[in-house]
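As given, the protein sequences belong to chains S and Z, one line each in that order. Converting from the first sequence to our numbering requires adding 51 to each position, the first position being numbered 1. Converting from the second sequence to our numbering requires adding 548 to each position, the first position being numbered 1.
Don't take every hint at face value.
[Unchecked claim] Ranges of calculated distance between the beta carbons of each label pair, as one might list FRET restraints:
1) Z:GLY655 with S:CYS61: 24 to 34 Å
2) S:LYS228 with Z:LEU808: 51 to 61 Å
3) S:THR105 with Z:ARG619: 53 to 63 Å
4) S:ASN119 with Z:ILE731: 19 to 29 Å
5) S:VAL221 with Z:LEU808: 51 to 61 Å
6) S:ASN134 with Z:PRO740: 14 to 24 Å
7) Z:VAL570 with S:SER89: 53 to 63 Å
8) Z:ALA664 with S:ASN119: 38 to 48 Å
9) S:ASP170 with Z:GLY655: 41 to 51 Å
10) Z:ALA664 with S:ASN134: 27 to 37 Å
11) Z:TYR562 with S:VAL221: 44 to 54 Å
12) S:GLU175 with Z:SER803: 47 to 57 Å
13) Z:TYR577 with S:GLY188: 37 to 47 Å
14) S:ASP145 with Z:GLU614: 55 to 65 Å
[Claimed, not checked] In silico BS3-like cross-links for lysine-lysine, where the CA-CA straight-line distance does not exceed 27 Å:
15) S:LYS202 with Z:LYS713
16) S:LYS228 with S:LYS259
17) Z:LYS713 with S:LYS124
18) S:LYS218 with S:LYS384
[Claimed, not checked] Listed next, the stretches of chain S that the computed footprint assigns to chain Z, with coverage defined by at least 3 CB atoms under 8 Å from CB atoms of chain Z:
19) 99-111
20) 213-226
No wet-lab data here; the hints were simulated from the structure. Just so it is clear, CB atoms sit at the ideal spot from N, CA and C, and this is done for glycine as well.
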Amino acid sequence: MAEVRLENVCKHYDKVVAVDNFNLSIQDKEFVVLVGPSGCGKTTTLRMIAGLETITSGRIFIGDRLINDLPAKERNIAMVFQNYALYPHMTVRDNIAFSLEMRKRPKEEIEQRVREAADILGIEHLLDRKPKQLSGGQRQRVAVGRAIVRKPEVFLFDEPLSNLDAKLRVQTRLELKKLHERLATTAVYVTHDQVEAMTMGDRIVVMKDGLIQQVGSPMELYNTPANRFVAGFIGSPAMNFFEAELAGGTDGLCLQSGEVRLDLLPEQCRRLERYGRKRILVGIRPEDFRPCERHEQGQTISGEVEVVEPVGNETYVNFRAGELNLIAAVGRKTIVQAHTRMVLQPAMEHLHLFDIDSGKSISK
Amino acid sequence: MAIERSGSKLFKFYLPLVMYLVFLLFPFYWMVNTVFKSDKELYDMSLNPFYIHHPTVHNIVRLFTETIFLRWMANTFFVAILATLISLAASLLAAYAIQRLRFKTSGPTGVAIFLAYLIPQTILFIPLASIIFKLKLWDSLWALVLTYPTFLVPFCTWLLMGYFKSIPKEMEECAMIDGASRIRIFWKIILPLCLPGVLSAGIFCFTLSWNEYLYALAFISSSAKKTVPIGLVTELVRGDIYHWGSLMAGALCASVPVALVYSFFVEQYVAGMTGALKE
Ligand SMILES: Nc1ncnc2c1ncn2[C@@H]1O[C@H](COP(=O)(O)OP(=O)(O)OP(=O)(O)O)[C@@H](O)[C@H]1O
Ligand SMILES: [Mg+2]
Numbered sequence: 052m053a054e055v056r057l058e059n060v061c062k063h064y065d066k067v068v069a070v071d072n073f074n075l076s077i078q079d080k081e082f083v084v085l086v087g088p089s090g091c092g093k094t095t096t097l098r099m100i101a102g103l104e105t106i107t108s109g110r111i112f113i114g115d116r117l118i119n120d121l122p123a124k125e126r127n128i129a130m131v132f133q134n135y136a137l138y139p140h141m142t143v144r145d146n147i148a149f150s151l152e153m154r155k156r157p158k159e160e161i162e163q164r165v166r167e168a169a170d171i172l173g174i175e176h177l178l179d180r181k182p183k184q185l186s187g188g189q190r191q192r193v194a195v196g197r198a199i200v201r202k203p204e205v206f207l208f209d210e211p212l213s214n215l216d217a218k219l220r221v222q223t224r225l226e227l228k229k230l231h232e233r234l235a236t237t238a239v240y241v242t243h244d245q246v247e248a249m250t251m252g253d254r255i256v257v258m259k260d261g262l263i264q265q266v267g268s269p270m271e272l273y274n275t276p277a278n279r280f281v282a283g284f285i286g287s288p289a290m291n292f293f294e295a296e297l298a299g300g301t302d303g304l305c306l307q308s309g310e311v312r313l314d315l316l317p318e319q320c321r322r323l324e325r326y327g328r329k330r331i332l333v334g335i336r337p338e339d340f341r342p343c344e345r346h347e348q349g350q351t352i353s354g355e356v357e358v359v360e361p362v363g364n365e366t367y368v369n370f371r372a373g374e375l376n377l378i379a380a381v382g383r384k385t386i387v388q389a390h391t392r393m394v395l396q397p398a399m400e401h402l403h404l405f406d407i408d409s410g411k412s413i414s415k
Numbered sequence: 549m550a551i552e553r554s555g556s557k558l559f560k561f562y563l564p565l566v567m568y569l570v571f572l573l574f575p576f577y578w579m580v581n582t583v584f585k586s587d588k589e590l591y592d593m594s595l596n597p598f599y600i601h602h603p604t605v606h607n608i609v610r611l612f613t614e615t616i617f618l619r620w621m622a623n624t625f626f627v628a629i630l631a632t633l634i635s636l637a638a639s640l641l642a643a644y645a646i647q648r649l650r651f652k653t654s655g656p657t658g659v660a661i662f663l664a665y666l667i668p669q670t671i672l673f674i675p676l677a678s679i680i681f682k683l684k685l686w687d688s689l690w691a692l693v694l695t696y697p698t699f700l701v702p703f704c705t706w707l708l709m710g711y712f713k714s715i716p717k718e719m720e721e722c723a724m725i726d727g728a729s730r731i732r733i734f735w736k737i738i739l740p741l742c743l744p745g746v747l748s749a750g751i752f753c754f755t756l757s758w759n760e761y762l763y764a765l766a767f768i769s770s771s772a773k774k775t776v777p778i779g780l781v782t783e784l785v786r787g788d789i790y791h792w793g794s795l796m797a798g799a800l801c802a803s804v805p806v807a808l809v810y811s812f813f814v815e816q817y818v819a820g821m822t823g824a825l826k827e
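Same shape as in the complex, but just chain S (with noise of 0.2 Å):
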């Protein structure tokens, strides 16, 4: 049962930043996710985390230890390897029971907590086999076991579902969140995947060069992205963005993109014209378009379809208004031709706007 707190964490490796000035609070117990694209720092935290890479700068504390210059085995931390790291020449059962055995608890504990820990995961009966013996599910599982055995402080997990077909990631993800339920057990995840940070982590940290671009939880992330890059990173099929100028509408202000007008409600009207700048970028997620029957001004995009994607529960429409190229996720009871025009009313209200230069969001 413990915090974990990283105050103003910087790793350098010679001239590359690999994390910059990172600052985060985890609460007991909390499943927080670090997300982003590859080569952005992930796993470059996890590892400062376990104490396997030396901190450049900054302060760690877990629970109200400063953990600096602690070795690895003294944080009282477990990790989960993204190619397991299992020990091939030690049976299922040798490999959980490791880390008991090097901290010398008696043989029946062992024991005891080995089979506690494969029934939760339902590896009884693979306990005598070899890594070797496993299908990638089963190692997974045994990974996981070799790490809740010793009941840590804190979980790392470095992007353990990625060995994974698709399938199995989504049941295995799930069991892993009940997992966490069930031990209660403070847990940071990785993870390049956004699904897979949406639907695990009570909190996401979206992370890009180095740098936190926004911590939240994901409906945070979702309704309020903090910048364009979380805008686009969180969602799929990401959202769309446009640059557009700022014109008088029929009442209050509009954007006109081409031949795209939309007029703005009110609200966002006074806070652009606080804004004072004339182009903005805009970003509509598809899953926000509606279709309509009549084009109307200012209201709806008039487009040509391009290509339809359907994907069963939704179909995702690619579709082209002069000079934008847009994607709109309808309903799957909508009937869309490639090669005609349709029409598509986007919800205001969910419209994001952002500074074309800095990509900070200027919604709210």
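Given the structure of chain S, go ahead and fit chain Z with the ligands onto it with the hints provided.
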């Protein structure tokens, strides 16, 4: 192996294999052939040399009665085993340190060790001789035990470095988090996983020490301290008289231990040499 027509396999696979085997085994056949012939038969050009007409064990008897062959065998064993153990211990630690501790000069150290391997023995034995002399180890088996690692350690270090490299780093890191010290990790994780590599390095050391000629010739003079290769050549070649039969008998007896070692560990040896560490 993919399915092929049996006829083509015969010509492409078995025939070349048989020819190669004949080529490889002929010297052994010749050795055995010579051992059981009398000198008279050996020098008689009118007889078919591929066949033993009057088998005799006289050569073997002479080897064991007129020379202290068993003593030489014991010496060779002593030297080979000790040199192997020393070399393995040194190169295991060196290879692990270079590959995993990643200190500032680990790269150059690795290269320097390899360069030491490239210095020919024929040059190295001169300074070594002077060192051996200063250490008062002249004409002692310890001279050999201590000098053989000079050529064994570099090779083994490089062999094992390749091996250690193939072990995922995460495995060690995981063990570290699990609470194991470096030494523990080395014993419980690294060593068991590298067993094929360690075995092949060991076999390599053992055979090279067993067959070594130059240092043994240079550093040993009294008969009771000779190793097999030196003993045979210096005591069974008297002037210009070659006691072929006994020489070959000695060579035959001396190759038995090596052959046994190989046959026991042949699988690990092949796996070790090809660096194949399968999970
Ligand atoms: N040992 C190292 N030496 C030098 N640079 C490194 C080292 N390890 C990581 N880096 C750099 O630090 C940055 C962050 O790496 P990190 O492994 O944390 O990324 P990541 O977010 O985990 O990416 P991925 O999703 O691909 O695993 C990268 O630019 C990487 O090149
Ligand atoms: Mg990573």
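Here is what the structure says about each hint:
1. Z:GLY655 with S:CYS61: 24 to 34 Å: Hint holds: Cβ distance 27 Å, inside 24 to 34 Å.
2. S:LYS228 with Z:LEU808: 51 to 61 Å: holds, 59 Å
3. S:THR105 with Z:ARG619: 53 to 63 Å: holds, 58 Å
4. S:ASN119 with Z:ILE731: 19 to 29 Å: The hinted range 19 to 29 Å holds for S:ASN119 and Z:ILE731, with Cβ atoms some 25 Å apart.
5. S:VAL221 with Z:LEU808: 51 to 61 Å: Holds: the Cβ-Cβ distance is about 57 Å, inside 51 to 61 Å.
6. S:ASN134 with Z:PRO740: 14 to 24 Å: Holds, since S:ASN134 and Z:PRO740 (Cβ atoms, about 19 Å apart) stay within the stated range.
7. Z:VAL570 with S:SER89: 53 to 63 Å: Given a distance of about 57 Å, which is inside 53 to 63 Å, the answer is holds.
8. Z:ALA664 with S:ASN119: 38 to 48 Å: holds, 41 Å
9. S:ASP170 with Z:GLY655: 41 to 51 Å: Holds, at about 48 Å.
10. Z:ALA664 with S:ASN134: 27 to 37 Å: For Z:ALA664 and S:ASN134 the Cβ distance comes to about 36 Å; the hint holds.
11. Z:TYR562 with S:VAL221: 44 to 54 Å: holds, 53 Å
12. S:GLU175 with Z:SER803: 47 to 57 Å: At 53 Å between Cβs, range holds.
13. Z:TYR577 with S:GLY188: 37 to 47 Å: violated, 57 Å
14. S:ASP145 with Z:GLU614: 55 to 65 Å: holds, 57 Å
15. S:LYS202 with Z:LYS713: violated, 32 Å
16. S:LYS228 with S:LYS259: holds, 25 Å
17. Z:LYS713 with S:LYS124: holds, 23 Å
18. S:LYS218 with S:LYS384: The hint holds at about 26 Å.
19. 99-111: That given contact holds, which follows from 3 residues of the region 99-111 of chain S lying within Cβ reach (below 8 Å) of chain Z.
20. 213-226: Since 0 is below three, the answer is violated.
Consistency note: the structure conflicts with the earlier hints numbered 13, 15 and 20.
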